[in-house]
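*Asks:* As a plain string of letters, each chain reads:
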Amino acid sequence: MTATPVSGPDKILLSHGEGGKRSHDLIGRVIARHFANPVLSNFFDSGLLGRIDGEIAFTTDGHVVTPAFFPGGDIGRLAVCGAVNDLAVCGAKGLAISCGLVLEEGFPIETLERVLMSMRDAAAEAGVFVACGDTKVVEKGKGDGIFINTAAIGVMAPGWRPSYEAVRPGDRILLSGTMGDHYIAVLVARQGLSVTAPVLSDMAPLGGLLLPAVERFGKGIRIMRDPTRGGVGVTLNEIATSAKARFVLDEERLPVRESVRGVCEILGFDPLYLANEGKALLIVDASAAEDVLVSLREHPLGREAAIVGEVAEGSPGVRMRTLAGGLRAVDYPVGDQLPRIC
Amino acid sequence: MKYIDDFRDPAAARALVERIRRDAGGAPMRIMEVCGTHTVSIARSGIRSLLAGAVSMVSGPGCPVCVTPDGYVDAAIALGSRPGVTLASFGDMLRVPGKSSSLEKERGKGLDIRVVYSPLDAVSMAAASPDREFVFLGVGFETTAPAIGGAIRTAAGLGVRNFSVLSSVRTIPEAMALLAGDPEIRIEGFLCPGHVSTIIGADAYRGLASEHRIPCVVAGFEPLDILLGISMLVLQRKEGAPSVENAYSRGVTASGNRKAQELIREVFAPCDTGWRGIGVIPGSGLRISDRYASFDAEKKHGVPVVFSEEDTGCRCGDVLKGKILPDGCPLFGKACVPEEPVGPCMVSSEGTCAAYYKYGGTLQ
Numbered sequence: 001m002t003a004t005p006v007s008g009p010d011k012i013l014l015s016h017g018e019g020g021k022r023s024h025d026l027i028g029r030v031i032a033r034h035f036a037n038p039v040l041s042n043f044f045d046s047g048l049l050g051r052i053d054g055e056i057a058f059t060t061d062g063h064v065v066t067p068a069f070f071p072g073g074d075i076g077r078l079a080v081c082g083a084v085n086d087l088a089v090c091g092a093k094g095l096a097i098s099c100g101l102v103l104e105e106g107f108p109i110e111t112l113e114r115v116l117m118s119m120r121d122a123a124a125e126a127g128v129f130v131a132c133g134d135t136k137v138v139e140k141g142k143g144d145g146i147f148i149n150t151a152a153i154g155v156m157a158p159g160w161r162p163s164y165e166a167v168r169p170g171d172r173i174l175l176s177g178t179m180g181d182h183y184i185a186v187l188v189a190r191q192g193l194s195v196t197a198p199v200l201s202d203m204a205p206l207g208g209l210l211l212p213a214v215e216r217f218g219k220g221i222r223i224m225r226d227p228t229r230g231g232v233g234v235t236l237n238e239i240a241t242s243a244k245a246r247f248v249l250d251e252e253r254l255p256v257r258e259s260v261r262g263v264c265e266i267l268g269f270d271p272l273y274l275a276n277e278g279k280a281l282l283i284v285d286a287s288a289a290e291d292v293l294v295s296l297r298e299h300p301l302g303r304e305a306a307i308v309g310e311v312a313e314g315s316p317g318v319r320m321r322t323l324a325g326g327l328r329a330v331d332y333p334v335g336d337q338l339p340r341i342c
Numbered sequence: 001m002k003y004i005d006d007f008r009d010p011a012a013a014r015a016l017v018e019r020i021r022r023d024a025g026g027a028p029m030r031i032m033e034v035c036g037t038h039t040v041s042i043a044r045s046g047i048r049s050l051l052a053g054a055v056s057m058v059s060g061p062g063c064p065v066c067v068t069p070d071g072y073v074d075a076a077i078a079l080g081s082r083p084g085v086t087l088a089s090f091g092d093m094l095r096v097p098g099k100s101s102s103l104e105k106e107r108g109k110g111l112d113i114r115v116v117y118s119p120l121d122a123v124s125m126a127a128a129s130p131d132r133e134f135v136f137l138g139v140g141f142e143t144t145a146p147a148i149g150g151a152i153r154t155a156a157g158l159g160v161r162n163f164s165v166l167s168s169v170r171t172i173p174e175a176m177a178l179l180a181g182d183p184e185i186r187i188e189g190f191l192c193p194g195h196v197s198t199i200i201g202a203d204a205y206r207g208l209a210s211e212h213r214i215p216c217v218v219a220g221f222e223p224l225d226i227l228l229g230i231s232m233l234v235l236q237r238k239e240g241a242p243s244v245e246n247a248y249s250r251g252v253t254a255s256g257n258r259k260a261q262e263l264i265r266e267v268f269a270p271c272d273t274g275w276r277g278i279g280v281i282p283g284s285g286l287r288i289s290d291r292y293a294s295f296d297a298e299k300k301h302g303v304p305v306v307f308s309e310e311d312t313g314c315r316c317g318d319v320l321k322g323k324i325l326p327d328g329c330p331l332f333g334k335a336c337v338p339e340e341p342v343g344p345c346m347v348s349s350e351g352t353c354a355a356y357y358k359y360g361g362t363l364q
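If you read the protein sequences in the order shown, they are chains A and B.
Counting from 1, one number per residue, gives the positions in the first sequence under our numbering.
Counting from 1, one number per residue, gives the positions in the second sequence under our numbering.
No wet-lab data here; the hints were simulated from the structure.
Heads up, some of the hints might be wrong.
[Unchecked claim] Computed Cβ-Cβ distance ranges for the label pairs, DEER-style: (1) A:Pro67 x B:Arg30: 47 to 55 Å; (2) A:Ala166 x B:Asp9: 36 to 44 Å; (3) A:Asp250 x B:Ser118: 33 to 41 Å; (4) B:Arg213 x A:Gln191: 33 to 41 Å; (5) A:Glu313 x B:Thr312: 47 to 55 Å; (6) B:Arg213 x A:Arg168: 41 to 49 Å; (7) A:Ala197 x B:Glu266: 51 to 59 Å; (8) B:Gly251 x A:Asp250: 42 to 50 Å; (9) A:Ile266 x B:Ser129: 28 to 36 Å; (10) A:Pro198 x B:Gly333: 21 to 29 Å; (11) A:Lys11 x B:Thr312: 54 to 62 Å.
No residue lacks a Cβ here, since even glycine has one placed at the ideal position from N, Cα and C.
Input sequences plus hints: build the corresponding full structure.
*Replies:* Structure representation (structure tokens):
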């Protein structure tokens, strides 16, 4: 993937954000070139999406990850995946996204193009297009190279809605793959750690994995969430609170990549609390759980899916049956310094 | 993962739990785990709930941050408030409450406190800024003592004169002896600290075991290490033959690390010292020896650490002595939480209360 050279300055200048000729050139020659599609190319003040059939889902997500490039992805791909995955776990097929860029003065335009191409590719993978956008430039020192905000709009699978009320004792907890890959990939890139086995971020659009399962199993799937910031531990606590449910995880069945475990052992992290960007948690009716698992595993993004626990009777909260056979609480982490990872 | 999975094998854990239950014979054995890292590992692996009815685990005073008295924090703040003084500390100490403030709060007001990972970092800082006075807050047990002693010896060798240590170094066996003799606590066995024992050696507990007729087993930190240690303690009780055994032979020898011991003897000298919530324990402290007196911040700057029993309503003392579990303290989880700790046991991640708060104690 190489960027097509653009005449003019090779770094972002304040004048790129001032609305004049430079702004026009940046948007027209750089940004819109990568995202060209019939809606965006009109350059109206809104993307005119036309009539949409079905129930609409709408979400937004800000992205400030540092560094902007890391093994397995970059901030552009993350910005697309983050938004469309919020739709996917709500059972919605992504249709269009927005692209709000905040660029720091001095940011290399060549790097911006790499980010945009990565967004373009991820959008194609997710089956969405960029319908509208905005670009602002901040003075040097007032940003961190590039921040991206994306919003996404999608259409719900007919007849399905996520439901906390539907969660009941006996339901199974499914996780679509290994924990912590994204966090560790970013951490390794940021700290310049030397790791023998490379860890790649897991970021991927999840619609292709989740939506067929929703269509096939309908209300057998109670609720889905993507365990991003705070990881599986925090996301499950949030579901437990909203659903007034008690979750019991089985440590033995929680999938964690060897290389991620290695870094966690050395640095004292618990993979349960590490961010993922291409994983989903599903609370599923017990009678459907095995079939949902098989269907997830048929998809490349769900090969390592596992049933990792179940919903039990008792007060709301998350517990874990440990490898040693004991039981312990899995609470919100307190006071941990979490660097910017998404 | 090789060398880690072996120590977490569920089948082996089940076998050990069965053995412990069988040998305990229905009368729960009261075992104290002395070390803070054990406390965290026990909480994290759910061992307390796993052994309910067979073993009752109580946590001891083995988190150095937790037992550092508020007078020490006050002395550190007084030192740091002097013009031209920079404090260097391990990160854990920053939130520990003194009488009226903490290092973290004072840093917000402008005190120069730098977090370091090694005492040697503080020596390097001092060497790089000869116009400032650097005081390292030397808090720890036998495990940390060699590193602090090494830093002092290095500073002496390099002629770094603007460096000193405010020592709050403690030795564990004296505290264990005091607790073993306390009829209120009724300890039937000690799970001896793995890291401390790498330095002092398993033989360091022989006097304790024979004098108090109390089983002592040195254990490592993985779940199977701990279960093995507990099973050996339960068996000792059953057979009525208290002794010192080593379940952590891959890290600990009978005589310990002689080089580290020599370093400690060279740089430090035993003294009486106050433990938060416990009181003054004779011979349980390490002050800086006369030979290195010029590196003793108390002497150099004339700021003594004054020990007094504080009363905050917090029952850290009873927690540290194993008299109550954290949820027996009226402040636990209410006025005292990790974000706003009242007592030191809630401050350090290895504190008994913090581990209970995070992992839910017995979950009963």
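*Asks:* Take the hints in turn and mark each one as holding or not.
*Replies:* Going down the list of hints, with the structure as the test:
no. : hint                            : result
1   : A:Pro67 x B:Arg30: 47 to 55 Å   : 52 Å, holds
2   : A:Ala166 x B:Asp9: 36 to 44 Å   : 38 Å, holds
3   : A:Asp250 x B:Ser118: 33 to 41 Å : 39 Å, holds
4   : B:Arg213 x A:Gln191: 33 to 41 Å : 51 Å, violated
5   : A:Glu313 x B:Thr312: 47 to 55 Å : 39 Å, violated
6   : B:Arg213 x A:Arg168: 41 to 49 Å : 54 Å, violated
7   : A:Ala197 x B:Glu266: 51 to 59 Å : 43 Å, violated
8   : B:Gly251 x A:Asp250: 42 to 50 Å : 30 Å, violated
9   : A:Ile266 x B:Ser129: 28 to 36 Å : 32 Å, holds
10  : A:Pro198 x B:Gly333: 21 to 29 Å : 42 Å, violated
11  : A:Lys11 x B:Thr312: 54 to 62 Å  : 57 Å, holds
Checked against the numbered hints given earlier, the structure breaks hints 4, 5, 6, 7, 8, 10 and satisfies all the rest.
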